[in-house]
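*Asks:* Given chain A's structure and the hints, the job is docking chains B, C and D onto it.
Chains as they are written, first to last, in UniProt numbering: chain A, 1 to 573; chain B, 1 to 335; chain C, 1 to 338; chain D, 1 to 322.
Since the hints were derived computationally from the structure, they do not count as laboratory data.
Below, a list of computed lysine to aspartate or glutamate pairs in the DMTMM-like style, where the Cα atoms sit at most 20 angstroms apart: (1) A:Lys133 - A:Asp216; (2) A:Lys125 - A:Glu254; (3) A:Lys455 - D:Asp34; (4) A:Lys117 - A:Asp166; (5) A:Lys457 - D:Asp34; (6) A:Lys455 - D:Asp59; (7) A:Lys573 - A:Glu284; (8) A:Lys220 - D:Asp78; (9) D:Lys7 - C:Asp152; (10) A:Lys455 - C:Asp191; (11) A:Lys501 - A:Asp474; (12) A:Lys436 - C:Asp191; (13) A:Lys306 - A:Glu284; (14) A:Lys306 - D:Asp163; (15) A:Lys111 - A:Asp198; (16) A:Lys436 - C:Asp57; (17) A:Lys225 - D:Asp76; (18) A:Lys381 - A:Asp391; (19) A:Lys523 - A:Glu375; (20) A:Lys117 - A:Glu200; (21) A:Lys111 - A:Asp184; (22) A:Lys253 - A:Asp266; (23) B:Lys83 - D:Glu230; (24) D:Lys7 - C:Asp160; (25) D:Lys159 - A:Glu284; (26) A:Lys220 - D:Asp59; (27) A:Lys220 - D:Asp76; (28) A:Lys170 - D:Asp59; (29) D:Lys159 - A:Glu302; (30) C:Lys184 - D:Asp34; (31) A:Lys455 - A:Glu408; (32) A:Lys51 - A:Asp266; (33) A:Lys457 - C:Asp191; (34) A:Lys225 - D:Asp78; (35) A:Lys506 - A:Glu200; (36) B:Lys127 - B:Asp139; (37) B:Lys83 - B:Glu69; (38) A:Lys245 - A:Asp266.
Spelled out, the chains give:
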Amino acid sequence: MSRNARRGALAAATVALTLTAAACSSSSGSGSSSDPGASSSGSSAFQAQHKGGTLKLVAHAAAGSFDPQVNYTLQYWQLFQSMYDGLLAFKKVGGQESFTVVPDLATAMPKVTNGGKTYTFTLRKGVTFSNGKALTTDDVVASFQRIFKVSSPTAGTFYNGIVGADACLKTPASCTLPQGVIGDAKANTVTINLTAADPEFEYKLAVPHAVVVPKDSPTKDAGTKPLPSTGPYMAASYDPNRALKLVRNPHFKEWSREAEPQGYPDAIDYTFGQTVESEVTAIENGQADWMYDAPPADRLNEIGTKYASRAHVNPLTAFWYATLNVNMAPFNNKLARQAINWAVDRSAVVRLYGGTNLASPACTILPPGFPGHVESCAYTKGGGTTWKAADLAKAKELVKQSGTAGQEVGIVTQDDDVNKSIGQYLQSLLTQLGYKATLKPLSGNIQFTYIQNTKNKVQLALTSWYQDYPAASDFLNVLLSCASYHPGSDSSINISGFCDKGVDAKMQAALKTSQTDKASADKQWGAVDQSVMAQSPVVPLINPKMIDFTSTRVGNYQFSKQFYMLVGQLWVK
Amino acid sequence: MPEPLLDVRDLRVCFRTRQGLVTAVDGLSFSVAPGEVLGVVGESGSGKSVSMLAVLRLLTSPNVTVSGEVLFRGRDLLALPDKEMRAVRGREIAMVFQDPMTALTPVYTVGWQIAEAIRAHEQVSRKEAHARAVRLLSDVGIPDAASRLNAYPHEFSGGMRQRAVIAMALSCSPSLLIADEPTTALDVTVQAQILDLMRELNAGGSAMVLITHDMGVVSQIADRVLVMYGGRAAEEGPRRAVFHGPRHPYTWGLLDSVPRVGGPRLRRLPTIAGVPVAPGGIPEGCAFAPRCRLRHDLCEERPVLSGDTHLDACWLPSGDRAGLRVSARDTEAAS
Amino acid sequence: MTLSPSPGARRSPGPWRTAAGDLLRNRTALAAAAVLLLVVLASLCAPLYADHIAHTDPFQSHVSGTTVVDGKTVPVLTPSSTGLGLGVTPIGPTWDPAHYFLGADNQGRDVLARLLYGGRTSLFIGFTAALLTCVVGTLVGVVAGYAGGVVDAVISRVLDVVWAFPVYLLAICLSVVLLTNGLKLGPVTVDAGSLWLPVTIIAAIYVPYIARPLRGQVLVLRNKEYIQAAVGSGAPTPRILRREVLPNVVPTAIVFVPLMTALAMLTESALSFLSVGVQPPDASWGTIIEDGLGLLYTRPAVTIAPGLLIALTTAALNVLGDGVRDALDPSARLRGGV
Amino acid sequence: MLVFALKRFASALLVMFAISVLVFLIFFATPGVDPAARIAGRNADPATLAQVRHSFGLDRPMPIRYLLMMRHLLIDRDLESFVNRGSRVIPQIIQATPVTLSLVIGAALIWMTAGILMGTAAATLRGRAADPLIMLVGVVGVSLPAYWLGEVVNLLTQKQLHDSLFSWVPPPGYVGLGQDPGQWALHMLFPWLTLALLYAGIYARLLRGEVVTALNEDYVRTARAKGLSERRILLRHALRCSLIPIVSLFGLDFGALVGGAALLTEVVFGLPGIGKLTFDALQNLDLPVIMGTVLYAAFFVVLANALVDILYARLDPRARHA
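For reference, chain A alone in the conformation it holds in the complex (with noise of 0.2 angstroms):
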């Protein structure tokens, strides 16, 4: 949601459910060698004598609202994981096995009956809130409910396949779920119905929207009231504009390591509002363990090198694109499109990124090592299946031929430091393919929602996707499909506008095929990328990778790449 970063790449909330565990298998962890947690497998048992003291993390900015059912913020969701638990969870580990899905307040993986619509959980027993009250089936219940009562921001999204979940989204002061989410208190039970299987279903129960909170936890956003947790750890006072503090949850016996691990520090000290470029220098000098922001440009060199076994970076399973508006002139003509992925330039890009180790040329728009991906490239010079250098000459021609040269183009892009340094070059990469481009920067919270709003005419934008809704469908479906496209709201994600009847017709083909032979649908996944880009109505750009920084004293540093660094199992003694 919102952020102040000079890189507001991360604004989005991050979700991976990606489907097989093996599909990523490379490159993950480089330049972590130091650590001797990196690419631990499995949960290793817990270190008594690494527990205690404080860890403190920094960020620019507080990421809004503490209430895990509304907050949608990669910032928070990364702390969630310590703090609250639903039904399923992914598994707090480093590496690959961080995708997988494992039982957390349900004892085990659901029974799936009723032809993958019906969920049956069985609770477990002896887990306590940290205002001291028992978890019961009622508390699931209720916080299902909540899920709409709060108008959580994937109610209608995530979770619109539960059974009355149509009423719920109508009216959400009178949620029931009578139908869809059933308790059973005495047998300890939990029943979800579905309206329609749906494969991606346990993924979605394991985000921080679907956690259990208290029965009687307010029906509106609890903002900087955080509600009780049962995780490990529980918030002891949020202010955005200061600080996050957490503290041990008193009432936390860990149940399942893999699930819920206990954690290291004693308390997690989160302070909010200094400028990156101290921040940096507070973890240099110790002051701080950890930011969240990306380091500033002029600081990275000197974090690779001086720093260097401080500094842990691991790609990301997402992509940063530029939007072409198919509805509008220049961008209505295919050539016109077609040449704009001719000429971009990946490597420069990458270089305003913060060079190749940060960041590497994307020429699909599913990322490399996401199921459906495919090693192709339809736009690149001399051909072939990796992006090697852009065809300035072939761009020109498409022009030419595509008659729409001296157009005006309008970009618009977010005004952190990387966001408008890609910005200019899209301005300056227009202007010498002969079109009248203008440059418009605005702040990462308006930008996000200028740009899918048709009613701003805009014609190219920059922007990223961080696997928001995951697996191939959430890529292609999400942000391409038809479905996706909302004229004249500033909630359409499909940003392009681009909506083809054919395409539509493979990804509703390739969405039926999951629910039955995965391998299949990522295939025909892997298809509908190519044909998209065939019609090119957006410009993959760059796949970007992450950098942590820590201080000296941080040790057990794990990367999931569900949730990114698992913060609670940090160590700071």
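*Replies:* For chains B, C and D alone, coordinates are given in the frame of chain A:
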């Protein structure tokens, strides 16, 4: 002649300006005896104010040079250290300026400012200074002095303000009071009151230098008169002598331009032809020569102020000045 | 803050000539004018430098470009090759006028060439905004002060409202909104990216600074005998304004121009620094500083050079402004401070 | 007097009302800044969006929305941020105020001291080499962009000279006075100096002109003729009168700075004061916070204007009857 209180000898004041060195006062000499009132008259720019400021060393601009001797009770004020000079100012020689509207610091009460003058020179308590200020104010004729003391200058009328300024000047009973056009900025009726006040002061024994361009004022109060033109003395003598037997053509002009109550009714008041010389434009010889109907070759040279008690600086034969005056007036009327 | 109207408001004939003479004799002011002229000339020569000496297009990204240093071809942006190899550093000052004299920015563009072009923008915005402020401020002040009554009350209240905003807050508020949507005021349309947008905003926020003192001055004039006499004799208002009021007010307004220009330039740079001023691809000294901040630790020259130029130019304007004031209207005083 | 005070109060209220309407119109009547989608979150479906819009009252007519917002801000005092949901505006402002006050009061002490010393010294040393030198410092102070100076100071103290000369300089940020007075002063030192340099320049230049004018006034001549010492003449007479316009300007500047005009200094030095709060809110188009801070700022400016009027009357007896 008694020992003079103030004896100014060959006073010279030069200003450095963009146009070069300008001599505003050029070899001025005069003296004031104890208890005497010296009237200094002349048009604007004749150097009368500047010379008096020079006497008190109030010309602070770094562009001014003052030379000559200013002997006060035998001490040369121009050679006095700053600290001793400050003890002279206000205590022995006090000065009253032309415009009472701006002469007082606007942010302090009148009483405060008078008390300040007292306490600058005498070791007296605040209370005592206050009491003396009340007395001084009532002495200069301000009714209800005790309460008016707490008024700010802007709450006073012009005449009242001038009274207050005079009261302040008198606060340490100076032996010499220099009053620079004390009545010019005031209404005619108020002028008369202030003059009365000055006369009373003089009666009390204070010597006084009264600078004015108004011959009428001089005729009422001065014992002796000094006529200045172009930074030099043109004529000097007892009031009677100057008024009844003016010797310098410039003095003639000054006297003729004063309307006389009960005198013959003139079609228009005679004026002195030409414009007053500006400092910097003063000729080598007689300063008045360019405007003088009776100038002749000798006027190319500077005349010396000479005479016995009635002195003048003019090349005209000293014998029949009255006759010359009449003929000069006739030629003017004819022209 | 306020302008105390000069008591001898009516001038003897030829005040302009006297003032010009005074100004010409003021050596400090002349030196300042010379500095200013130099900056203006240098900015005007921007294309000469870019095209014929540096052979570069300062508005074109050269992210993958190369240049020549000491006879060797090197990349303009060098990715780090040590340690983890993080970050990309642009070329630093080469002190070679033909090749990146002051180095490159993060787009690989020649910093010196951008400084020269940026000077054009900064000076343009400074001068036009100042002129606009002074003209509008004078008109508003004269109308309010002369008309009095309801007109004055309304104008004064509006000025009060603008006045009650700290200037930067108001400027940022307006910029944030107008940058998103552009400005449409009746027939006037200003594009979001246009230079006229900061000009308009800066001019608008400073109007009270001119209008208020001038209103006071006109109020005093209005009660002067000769104007009362003119009104009494039935002279038409426009003529009184033209013949009697404006000649007294215009010198004051002119005194404000250089000082206002300095203020406007500082404001422009501050807005650009907060990225709500001049928008890319246009460059001003403020935007170059903002671009340079991302390189502050590695290439401080990109930030420092435009800051020094702003300081030099505004200092020259301030000194010149003091000279003009001393020559024209010693009592005029502009509320400085931002 | 009472009538005057009432009139003054009424006009202040009118100004504040006009400002609130203006801000509301600026930020709500313009397209592209509808907060609903931002509040709802990324990729919210239309139904959720509508729910959010409804629950925040964003679907109601403009005047009602204005009244609702003002009621929450002023009467219920529970107006909440759009961005940091649940975070109330008024406590945020109350929290930011001490930071801004720390900055502004400290800087004001420095700039008034320096400005008065420089201005008086330059005026008395007129015609000597020291005068133009002091005034040059003043012009430089006025001409340096404050934010740039701040960045350069940061560069020097945090990087270039951090290992040698400035090793004692803490990283930018704020430490409460009550928390650790020593650290508080250390953290504020460079922000103070940076902010003070600009104003010291303005005040020194202004005061020099005033004192020079005053020293040529008749009353100074009178004072000198009274036999007062030069020191007394300068301090008690010339300076005292020259300070009147300075003090009234100070009131206005101080009010504006407390109201958030120190924004650039706060942003550059990472001080979580009113200016930064406002700027962050503007960046995020967090209208409730913008509304709160702008009204707060306007309140201080209006208050400062009123105080200056009163103070002016205290300082200058001539103004009491006008």
